[in-house]
Amino acid sequence: MLPLQNHNCCSGYFSSANNNSTIKSKHVKRFSYSLCLLFCLSCTATKQSTQNIKFAANPVVAHRGAFKLNKLPENSIAALKEAIRLKCTGSEFDIRMTADDSLVINHDPHFNKLEIEKVTYAELMQFRLSNNEPLPTLQQYLEAGLANNTSTRLILEIKPSGISKERGKRIAEKVVQLVKRLHAEPMAVYISFDYDILLKIRELDATAVLQYLEGNKSPAQVKADKINGVDYHYSFFQKNPQWITEAKQNGIALNSWTVNDSTTMSWLLKEGFDYITTNEPELLFRLLKK
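Residue numbers for the sequence shown follow this note's numbering, so the first one is 46 and each next one is one higher.
Read the hints as simulated data drawn from the structure, not as lab findings. All C-beta atoms, glycine included, are put in the ideal place defined by N, C-alpha and C. Check before you lean on any hint, since a few could be wrong.
Derived lysine-lysine pairs resembling DSBU-like cross-links, with alpha carbons at most 35 Å apart [what the hints assert, rightly or not]: (1) Lys116 <-> Lys126; (2) Lys163 <-> Lys315; (3) Lys315 <-> Lys219; (4) Lys271 <-> Lys116.
Simulated restraints, written as ranges between beta carbons of each label pair [unchecked claim]: (5) Glu248 <-> Arg226: 14 to 24 Å; (6) Leu159 <-> Lys293: 21 to 31 Å; (7) Gly317 <-> Gln171: 24 to 34 Å; (8) Lys271 <-> Asn177: 25 to 35 Å; (9) Gln294 <-> Arg215: 13 to 23 Å; (10) Leu332 <-> Lys293: 19 to 29 Å.
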């Protein structure tokens with residue numbers, strides 16, 4: 046960013062020989078200077094917050110937030126905040142888009158029997174989650190995840206569109222635009238079962254962190270497409286143990302879902318997985334302490 050004194054808006058650019066004009070120009074300069082100062086402060090705050098990020102040194106990813114133990118709704122802001130309180134290294138959540146292009150957080154394609162892709166957000170707002178939260182928008186969810194959080198990654202699962210592949214790519218575009226607008230890029234990890242969605246995100250953001258969910262590509266294949274990680278159901282790694290070695294050799298992150306028993310957790314920890322996605326983050330934390 047240019048030094049403040051080099052900006053015309055903060056110089057004597059608006060000065061005038063006429064007294065009234067001079068008075069007006071002083072107000073304009075004062076207002077312009079204030080705008081410049083606010084801009085500089087906002088840039089500094091963003092930089093400082095990025096520098097303060099220190100992700101939790103554990104492999105625990107809370108699947109749809111840390112919802113289960115405290116009987117919170119899946120994908121609720123309360124579940125996200127609980128994952129942050131626990132200092133999980135990540136909290137995963139699901140993104141869908143309504144008929145009027147609103148990005149909302151919900152796992153299933155339906156919410157209270159309404160098909161999300163075919164109704165407006167206003168129609169969905171007739172209903173609430175079981176803890177009385179409204180169905181959160183992506184913006185609300187990201188803002189909650191960025192507040193007082195420097196340790197927990199925000200794991201954005203972009204659900205494939207049931208309408209068309211092109212709509213899925215459009216969802217990806219809107220998600221990336223919002224993440225950038227909120228300066229959430231350092232905290233964001235994008236995951237999807239739709240490979241084309243991940244390729245679209247890579248096209249939009251060369252530095253985005255991407256993980257693939259479907260389980261039908263080797264680590265070498267995803268590396269060739271500039272995808273950073275494989276996030277497969279643990280059974281795929283049990284059937285293809287060579288993928289674990291291949292991922293490590295290729296610098297591909299290893300993640301696995303949805304792991305809710307101590308036996309499988311222990312196996313994945315022994316194999317050196319970077320992340321373990323679970324509905325039971327508290328159980329995984331207990332295992333890590335042993």
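Problem set entry | Given hint Lys219 paired with Lys315 - CA-CA distance at most 35 Å | violated, 39 Å
For this session: With respect to the beta-carbon atoms only, verify the hint that Gly317 and Gln171 lie 24 to 34 Å apart.
Result: violated, 47 Å
Problem set entry | Hinted pair Lys116 and Lys126, Cα distance within 35 Å | holds, 14 Å
Exercise. Under the criterion that the straight-line Cα-Cα distance not exceed 35 Å, is the pair Lys163, Lys315 satisfied?
Worked result: violated, 45 Å
Exercise. Within 19 to 29 Å or not, the Cβ separation of Leu332 and Lys293?
Worked result: holds, 21 Å
Exercise. Between Gln294 and Arg215, is the Cβ distance one that fits in 13 to 23 Å?
Worked result: violated, 36 Å
Problem set entry | Outcome for the supplied range 25 to 35 Å, where the beta carbon pair is Lys271 and Asn177 | violated, 42 Å
Exercise. Leu159 and Lys293, beta-carbon distance inside 21 to 31 Å?
Worked result: At roughly 44 Å between Cβ atoms, Lys293 and Leu159 fall outside 21 to 31 Å, so the hint is violated.
Exercise. Do Glu248 and Arg226 keep their Cβ atoms within the hinted range of 14 to 24 Å?
Worked result: For Glu248 and Arg226 the Cβ distance comes to about 18 Å; the hint holds.
Exercise. Between Lys271 and Lys116, is the straight-line Cα distance small enough, at 35 Å or below?
Worked result: violated, 38 Å
Consistency with the previously given hints fails for numbers 2, 3, 4, 6, 7, 8 and 9, ordered from lowest to highest.
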